[in-house]
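Trainee: Using the hints, put the two standalone chains together into the complex.
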Amino acid sequence: MPACETVQELLPWYPHGLAADEAKLVKAHIVHCGVCSEDLCEIRALRRELSREAPVSLQRTYQSLERQIRRETILDAVKAGVRDQVYSLIYSQLRQWLPVKIFD
Amino acid sequence: METSDDLYLTAQAAAGDDAAFNVLFHRHAPSLAKWCAAKLKDPALIEDIIQETFFALWRQAPTLREGSIKAWLFTVARNKLIDALRKQQPLVTDDQLQQVGCSEEPWQHPFLEQELAKLPSSQRDVFLLTFICGLSYREISQIMDIPVGTVKSRMYHCRRVLQQAWKRGDHYAGL
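Those sequence lines, one after another, are chains A and B. When we follow numbering that gives the first Met the number 0, the leftmost residue of the first sequence carries the number 0, and every step to the right adds one. When we follow numbering that gives the first Met the number 0, the leftmost residue of the second sequence carries the number 0, and every step to the right adds one.
Okay, chain B solo, but in the shape it has when bound (with noise of 0.2 angstroms):
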């Protein structure tokens, strides 16, 4: 329901609706900014990541005619992501970019922060993009370009992870 009228939403923004871009705005904008936040520090580059995604949707508005704004929003933010963190670091590659990331998490609660920071970047970003942004399998499979299986098999190793390190006598803090 929420793509039908994300859809609409769009076209009408590419009409010119401003209030139609408002709600998009306010819509994705906030799960968005927490994905951001779980991989940069800095509040004013990730301002700057969600202004630039929104722009990029205002330019693209009138192309864009099928299929999740939402996991397209998600795509965009991830390239610019990615790019703000190799001007981060120029000259690390793609595996020590992904540890880069991974170091920089913010997280409130050191039980998380530790067991995911040992997961591969591309399985904690399934959980991330689940359990911060509230996005669906099938929309993770398509902002990330893999399967759907693949989506379903790197979350469940994630929580083995999590449940096993909580088994071994760690635990979830405030749970």
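In isolation and in its complexed conformation, chain A is listed as follows (with noise of 0.2 angstroms):
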């Protein structure tokens, strides 16, 4: 069984940011061991008690970010002078931006 100082040096990355063998090693010896287990369950409290989502919109940061993207890539393709694809991509934006199915 590893010594308690191995297992201690493992356990914040139990069991997810560890390698199999790591998490395998630190599996075995926790069973066995209370301190090593009290101090698991420990890491979890403080894991849950941090939890909590960021007080932030990830919808609106990625609906933000795919105009970025769009406008980058019709910039992308102006700079290369590949004219076909400029039209090819603001097209297909009017397409998205256009309810009326005026160009089928």
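Note that these hints are calculated values from the structure, not bench results. You may find that some hints are simply not true.
Derived pair list, reagent style PhoX-like, types lysine-lysine, alpha-carbon separation capped at 20 angstroms [as the list claims (entries may be wrong)]:
hint, chain 1, residue 1, chain 2, residue 2
1, A, K23, B, K151
2, B, K79, B, K117
3, A, K26, B, K151
4, B, K86, B, K117
5, B, K40, B, K86
Mentor: Next up, the structure:
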């Protein structure tokens, strides 16, 4: 059985932040060690305590990111002088912006 | 497993697969946001950092063929976070900068806030990246550019400080 010291070094990352063999080693130890088992409970409690979501809208961020990427894609095509691609990108943009099926 | 899957998705995104990029965003943005929220109060600024980080991923995707995409994202976000803090306090030194990040941590639990605020930022970052973001010690080593042994020793020190404060009569709120 590995020493408590070795296991305690790894405990904060158990189980998903460890390699498979490390996780196996920790698991084998805590089954028999009250001290390390108690430490793991404390670590899990800390993790629960800190698991709240960030106060931001990731949906809004993703939508804004998509707009930025579309804009950059068009600008890249303009810089590269690929006229057909520029028209194609602008055309696909217009299709998204205009709800009426005028392009079909 | 997730690392190889991330690399596959990044390659797909580089080839223009929007769905692959979407998966990468929703897999990693929540933990990046949590980490930024432990450093900054302004949600708009946090959203900007997340957006800029994933925009950098979109730009660099064709060149990212190995390593951990998660660690790469956190490294980019960390640099952008430092830039954001510098812009807020343009005349401070690096050491003072760490204190800026520290003083702005909007923790809900006074015990954690008080005890973590006493630690150097280098130690606190290891704690936050582990417990808030769920990163492995190898990923933290890569992001912070320090040996894995240093990651472990910083974590050990953080935990001892929290435990000693607890024994002194403070307590973990809600535990």
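Trainee: Does each hint fit the structure? Answer for all of them.
Mentor: Hint check:
no.	hint	verdict
1	A:K23 <-> B:K151	holds (19 angstroms)
2	B:K79 <-> B:K117	violated (24 angstroms)
3	A:K26 <-> B:K151	holds (19 angstroms)
4	B:K86 <-> B:K117	violated (24 angstroms)
5	B:K40 <-> B:K86	holds (15 angstroms)
Checked against the numbered hints listed earlier, the structure breaks hints 2 and 4; every other hint is satisfied.
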